[in-house]
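Colleague: All the letters of the sequence shown, read from the start, carry residue numbers 1 to 94 under the working numbering.
Just so you know, the hints here were simulated from the structure itself, not pulled from any lab data.
Small disclaimer: the values here were computed from a predicted structure and weren't measured.
Where a beta carbon is used, it is the ideal one built from N, C-alpha and C, also for glycine.
One or more hints might be untrue.
Restraint-style ranges between C-beta atoms, simulated for each label pair [as the list claims (entries may be wrong)]:
1. 46 / 92: 11 to 21 Å
2. 82 / 42: 32 to 42 Å
3. 8 / 78: 15 to 25 Å
4. 16 / 70: 13 to 23 Å
5. 10 / 56: 31 to 41 Å
6. 91 / 37: 30 to 40 Å
7. 85 / 30: 27 to 37 Å
8. 92 / 28: 31 to 41 Å
9. 13 / 42: 11 to 21 Å
10. 87 / 29: 29 to 39 Å
11. 88 / 28: 33 to 43 Å
12. 11 / 92: 20 to 30 Å
13. 78 / 42: 19 to 29 Å
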Amino acid sequence: DLIEREHRREPGRRAILVILSDGKATGANGLTNLRMVAHDIAQRGLAGSVVIDCENQSRIRLGLALELAKNLGAPCISMTELNAESVTGVINAI
1 DLIEREHRRE
11 PGRRAILVIL
21 SDGKATGANG
31 LTNLRMVAHD
41 IAQRGLAGSV
51 VIDCENQSRI
61 RLGLALELAK
71 NLGAPCISMT
81 ELNAESVTGV
91 INAI
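Just need the whole structure built from these sequences, with the hints factored in.
Modeller: If you want it as structure tokens, here you go:
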């Protein structure tokens with residue numbers, strides 16, 4: 001809603017949606033809702049998106065941040081790769 005409102009206010013300006021995800025889908029139908037919302041955001045094309053994967057780097061990973069990024073058509077940066085250069089590169093590419 002915020003992105004749509006800002007787009008109506010300033011149509012020439014493109015928003016950047018930054019999503020921090022721990023890779024866990026919580027709540028009832030969390031994974032289904034995640035896919036649906038990500039697809040909707042990507043279809044509207046009102047914002048460039050980037051997903052920052054904050055999931056614990058343990059042996060068991062769910063990989064939902066990467067799935068979210070794919071559904072958005074967005075890059076996914078792991079917390080271990082996060083630095084000024086990687087963020088700048090992604091933002092410039094969006």
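Colleague: Run every hint past the structure and note whether it holds.
Modeller: Cross-check of the supplied hints:
Separation of residue 46 from residue 92 is about 19 Å and conforms to the stated range, judged on CB atoms against 11 to 21 Å. Separated by about 23 Å at the C-beta atoms, residue 82 and residue 42 break the suggested range of 32 to 42 Å. The hint said 15 to 25 Å for the Cβ distance between residue 8 and residue 78, and at roughly 35 Å that hint is violated. Taking the beta carbon of each, residue 16 and residue 70 are about 18 Å apart, inside 13 to 23 Å as hinted.
Between residue 10 and residue 56 the beta carbons are some 38 Å apart, a value that agrees with the proposed interval 31 to 41 Å. Take residue 91 and residue 37: their Cβ atoms lie about 22 Å apart, and the range 30 to 40 Å is violated. The hint said 27 to 37 Å for the Cβ distance between residue 85 and residue 30, and at roughly 33 Å that hint holds. Checked against the given bound of 31 to 41 Å, the beta carbons of residue 92 and residue 28, roughly 38 Å apart, stay inside it.
Distance hint for residue 13 and residue 42: a CB-CB separation of about 19 Å, consistent with the stated range 11 to 21 Å. Range check, residue 87 to residue 29: Cβ separation about 32 Å, and the 29 to 39 Å hint holds. In this structure the hint that residue 88 and residue 28 lie 33 to 43 Å apart at CB holds, the actual value being about 38 Å. For the pair residue 11 and residue 92, the beta carbons lie near 22 Å from each other, so the given range of 20 to 30 Å is met.
Separation of residue 78 from residue 42 is about 21 Å and conforms to the stated range, judged on CB atoms against 19 to 29 Å.
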